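Engineer: Take a look at the letters that make up each chain.
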Amino acid sequence: MQRHDVIVIGGGLNGLTAAACLARAGADVLLLERNAGFGVAAGYDVAPGFRMPRYSLGTSTLPARLVADLELTRHGLRLLRVDGGVSLLAGGAYQASYRDGIVHRRELARVSPKDADAWTRYRRDMLAAAARLRPLLSRRMSDPSKRSIANIRRLLGAADAFASIGATELHELTRLWTLSAADFLSDYFVSEEVKSHLAAAVLSGATFGPFAPGSARLLLQPFMEETGAASAGAPAAVLALGGPEAVAAAFVAAIVAHGGTVRTEAEVTDIILRRDEARGVSLANGEEIYARAILSDLDLKRTFLTLFPWKELPSGLVKRVGRFRLRGVTAKINIALDAAPLFPDVPEGCPALLGVTRLAGSLDEMDRALDDWRDRMPPRAPLIEALVPSLVDRSLAPEGKHVMSVCVHGVPEILHDGPWTGARRDELAELAVKRIAERSPGFRDRILALDTLVPPDIEAEVGLTSGDFAQGEETLDQMFFNRPFASLSGHETPIRNFYLCSASGHPGSLAPGGAGADAAKLVAEALGKRGIYVPA
Amino acid sequence: MSLPEKNFDVIVIGGGHNGLVAAAYLAKAGRRVLLLEASDRLGGALATEDITPDYRISTGAQMIDMLPRRIEKDLKLAGHGLRYAARYVPTIALNPTNGHLVLSRRRRDIEVLRKKSARDADAYLAFSKRMKSYAALIAPFLDKAPFAPGQSAARSALRRLVWRGALLDAASREALLRDLPGSIGHMLDDAFETPILKGALAFDTLVGTAAGPYDAGTVLRGIYRKAQRLAGAGAWVPQGGLGAFVDALAAAAAGLGVTIEVSAPVARILVQGEAVVGVETAAGETFHAPQVLSSIHPRATLLDLLGANRLDAGLVARLSRIPTRGATAKLNLALSGLPTIQGLAPAEYGARLIVAPSLDDIQEAHAQAKRGTFASNPVMEVTFPSVADPTLAPVGHHVMSIAIQYVPYEAEGGWDDKRDRLIDRAVETLSIYAPDLKQRIVAGELLLPADLERKFGLAGGDWHQGELRPDRLLSFRPTPELAQYGTPVAGLFLCGAGSHPGGGVTGMAGRLAAEAALARRARA
Chain A
1 MQRHDVIVIG GGLNGLTAAA CLARAGADVL LLERNAGFGV AAGYDVAPGF RMPRYSLGTS
61 TLPARLVADL ELTRHGLRLL RVDGGVSLLA GGAYQASYRD GIVHRRELAR VSPKDADAWT
121 RYRRDMLAAA ARLRPLLSRR MSDPSKRSIA NIRRLLGAAD AFASIGATEL HELTRLWTLS
181 AADFLSDYFV SEEVKSHLAA AVLSGATFGP FAPGSARLLL QPFMEETGAA SAGAPAAVLA
241 LGGPEAVAAA FVAAIVAHGG TVRTEAEVTD IILRRDEARG VSLANGEEIY ARAILSDLDL
301 KRTFLTLFPW KELPSGLVKR VGRFRLRGVT AKINIALDAA PLFPDVPEGC PALLGVTRLA
361 GSLDEMDRAL DDWRDRMPPR APLIEALVPS LVDRSLAPEG KHVMSVCVHG VPEILHDGPW
421 TGARRDELAE LAVKRIAERS PGFRDRILAL DTLVPPDIEA EVGLTSGDFA QGEETLDQMF
481 FNRPFASLSG HETPIRNFYL CSASGHPGSL APGGAGADAA KLVAEALGKR GIYVPA
Chain B
1001 MSLPEKNFDV IVIGGGHNGL VAAAYLAKAG RRVLLLEASD RLGGALATED ITPDYRISTG
1061 AQMIDMLPRR IEKDLKLAGH GLRYAARYVP TIALNPTNGH LVLSRRRRDI EVLRKKSARD
1121 ADAYLAFSKR MKSYAALIAP FLDKAPFAPG QSAARSALRR LVWRGALLDA ASREALLRDL
1181 PGSIGHMLDD AFETPILKGA LAFDTLVGTA AGPYDAGTVL RGIYRKAQRL AGAGAWVPQG
1241 GLGAFVDALA AAAAGLGVTI EVSAPVARIL VQGEAVVGVE TAAGETFHAP QVLSSIHPRA
1301 TLLDLLGANR LDAGLVARLS RIPTRGATAK LNLALSGLPT IQGLAPAEYG ARLIVAPSLD
1361 DIQEAHAQAK RGTFASNPVM EVTFPSVADP TLAPVGHHVM SIAIQYVPYE AEGGWDDKRD
1421 RLIDRAVETL SIYAPDLKQR IVAGELLLPA DLERKFGLAG GDWHQGELRP DRLLSFRPTP
1481 ELAQYGTPVA GLFLCGAGSH PGGGVTGMAG RLAAEAALAR RARA
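Protein chains in written order, with the working numbering: chain A, 1 to 536; chain B, 1001 to 1524.
Just so you know, the hints here were simulated from the structure itself, not pulled from any lab data.
Just so it is clear, the structure is predicted and the values come from calculations on it, not from any experiment.
Beta carbons: idealized from backbone N, C-alpha and C, even for Gly.
Take these hints with a grain of salt, some might be off.
[Said to hold, decoys possible] In the DSS-like style, the derived pairs of lysine-lysine whose C-alpha atoms are separated by at most 25 Å in a straight line are: (1) B:K1076 to A:K319; (2) B:K1116 to B:K1129; (3) B:K1144 to A:K319.
[As the list claims (entries may be wrong)] Which stretches of chain A does chain B cover? Using the computed rule of at least three CB atoms under 8 Å from a CB of chain B, they are: (4) 163-174; (5) 178-187; (6) 207-218; (7) 364-371; (8) 481-491.
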């Protein structure tokens, strides 16, 4: 009988993080991944010799602290920082983001000198708001619905902390967390171009448009990893050499280096239960493996609705799980190109083109796309993100040729008038190609191969319910202690020894890897493992 | 205008209901009060006017929805002629196919719902109870001035909230924390399956706002309005329309000694040193008082009448971004008789009728309004005021009040050619329920948000002087530094709907501002 200290189900970013943290803590860890690749990090050849991420855009969202704590650089990770990208806007206009403050302000001044001045204020306020948020992300949520002295004391502490924030700052924070991105940006900027550009950079994967209350808080995301220099420009985009699969490989190397085991193509079908306690897992091939603790990196619904017989679950849990909203919103189009795409609207050699190029249109267009999505219509003018990783990483495509990773946002999981068919996938790809070609002459003729994945494909292949990359819609009613719901927000579940470590739990995509690291810490404590410092 | 007396204890700017309430309370406390109203009549958006001769209607607000009974008693409004034509007006969700729904917890109404969906009947009782318990948490904050964050009052208020929350059972607490920041659409989708029930409940939460059903913050808005209702006593209709209510209020104020001047627009608030000393009217007349309360929009008060140069830059910026986006139009119709609404019992014509068959219809109308147009199937609130109050129309004839939700202030390409189309769309949609409506129309008028602005002085056509959303509630209303009714200028106070607790016909902003002014004066 196989036995380990810990089994981690699923090799997404949080699963890898949890396994790496626990291995470092001295636990005997086994990570089981259903596919050959690791979650959305999986790469593939879109055409022979053209390597690219199959599901994700390809930029890295790894927090620097995680990279440092897990010594991923020592395990082969190479990160490149490039300028933050370009938005192609209505009427041939564009806006770019530069890391250098002077260059960035000059770029803003090109459309509005007033907005160039406002940047300093905007950046300062966003950094301050990010500093307020950061401590909440490394803190384990406790179930606020539980009535205990400790809990009331904690809530009273939170009330005091809240009351001690000055009126004006509290008001500004309330605005950031409840306003629409359009309203919030209008506090600072006057130019439609600048506002559209800043909104486009954060709306990828969002289930609400820039006019929807609550969308402003997304603007914070790029600043979470930023610190320091007041004179700086826009946050950088980060790419990993070799793409997301190289990031996963570094994690695997770290796990193995600390005595852990990683198995791919090992699908867990059931949790072995003894009364209300998880004892092990059964694999699709009939194998049974036992462990003292089991962590699931699958999303909430997949975890509870597929790994357990429903009747074995405590009453009320299935209903709560069923209510958790997972919403797919992004399609992936992978393209092999004969030559690098040209964007003549943008000055030649603009370094921001190494980051993400966004076909953003206007705020109104972006908002409309999400209204279409809500109506389950195929998008008419969606936000499209394109990354050409081979511009900085020559190993990805043959000499002179390129790969282009494209995300189309506002793509519903189910269409109002029927399922996604081959023909409808082609229509979507055609729309994306047409929109790109409008700004990139000759683009169509450079396409050597093209592959389209809509949300149901992503669900079928990676196992993300509804094709939701965030593993749960990120609205305030599904964030913090509400993620996935109050009694599960601390990673512990009603099943003893069974933990949730996926982004369905806090902090979700606010801090990639955060749920894995925090769940690992909890499990390490439970197992009495303190071998090496466990980050959280 | 000529007045012998130029010196008062207090001057109130604006004769809307909050201005009148403030003036009356101040006079009741023994102050000599002058109230100055810019237009030729009092009441602001509360008015009974002719649609066409012999057909009268409340042209703006339709009901007294949230007026605390205490104000009515304190000011002895009944003694000054206030009579109600109807009390506790029920709400009915009109169903285009079959079976309208009375939104109430009476057993008979629940049984009707049960025939549609047993699940929803149970869920409705649970939902009402839940919303009521949430509202009860907020209600205590509505009848006093908001605390200033960062002060010990804030600390103790929040601590009290934690203790009150601790009294709830675990399931309610979990639900509260999840529901509070969410959208009414998601909450209703979770709770119910009957589209018409979801539509009506969402409409009730969203009426008067530009927010859509799936927008974050809408549950909070619903709870807030519910809390306001708890403080008041449901929807009541005054005999003679809302104008009669204003008359009673004005009579009460006058009876308490308030000097009321109409057609006396204030041009400037006069300041000496750091303190207010009076006002100057557009006609050039000067009145002196050590305290001035303004019930007009906070922005107009401070930026136009006082002047931005007396305020710090941060406050000016915060004032200029108070959102004023009216999204409701009013259609008032004179009818030659009651139209026949299929399936509606005769006694039910006096109800508040909601035309919002599903969440999708509301979402669609909201999306259209964002794009500067209006829905082909508008969502509406309909009443026939003349059913309970026959004095409003000739015998056998009636008036109909229609609030059309999600009508943008500015239309794509201008409103000129769209007014008639909006009327057509509204009447066509209503004809689904009342096929004979069109032939009964004698006359009518449409008031778009811009018309409401012109007619009643509502900035942006916004009924609430700033939308009720999280960054504009409680200690943030209208801005953090102005939330306690005082301003940076000693003696100058805000007393309109732009201040806490805002919106609705509550009079509370006026009452609380008067209390703040009286307290300040007592200390001075």
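Engineer: Look at each hint and say if it fits the structure.
Structural biologist: Hints, one by one, checked against the model:
1. Among the hinted pairs, K1076 (chain B) with K319 (chain A) is inconsistent with the structure: their alpha-carbon atoms are about 53 Å apart, more than 25 Å.
2. Among the hinted pairs, K1116 (chain B) with K1129 (chain B) is consistent with the structure: their alpha-carbon atoms are about 21 Å apart, no more than 25 Å.
3. With a CA separation close to 40 Å, the supplied pair K1144 (chain B) and K319 (chain A) exceeds the 25 Å bound.
4. Look at the region 163-174 of chain A against chain B: 9 of its residues bring a Cβ nearer than 8 Å to a Cβ of that chain, three or more, so the hint holds.
5. Restraint check on the region 178-187 of chain A versus chain B: 5 residues with Cβ-Cβ distances below 8 Å, three needed, restraint holds.
6. For the region 207-218 of chain A, the stated coverage by chain B holds: 5 residues have a C-beta nearer than 8 Å to a C-beta of that chain, and at least 3 were required.
7. Only when three residues or more bring their CB closer than 8 Å to a CB of chain B does the claim for the region 364-371 of chain A stand; here the count is 4, and the claim holds.
8. Under the rule that three or more residues need a Cβ within less than 8 Å of chain B, the assignment of the region 481-491 of chain A holds, with 5 such residues.
The structure is inconsistent with the numbered hints 1 and 3, although it conforms to all the rest.
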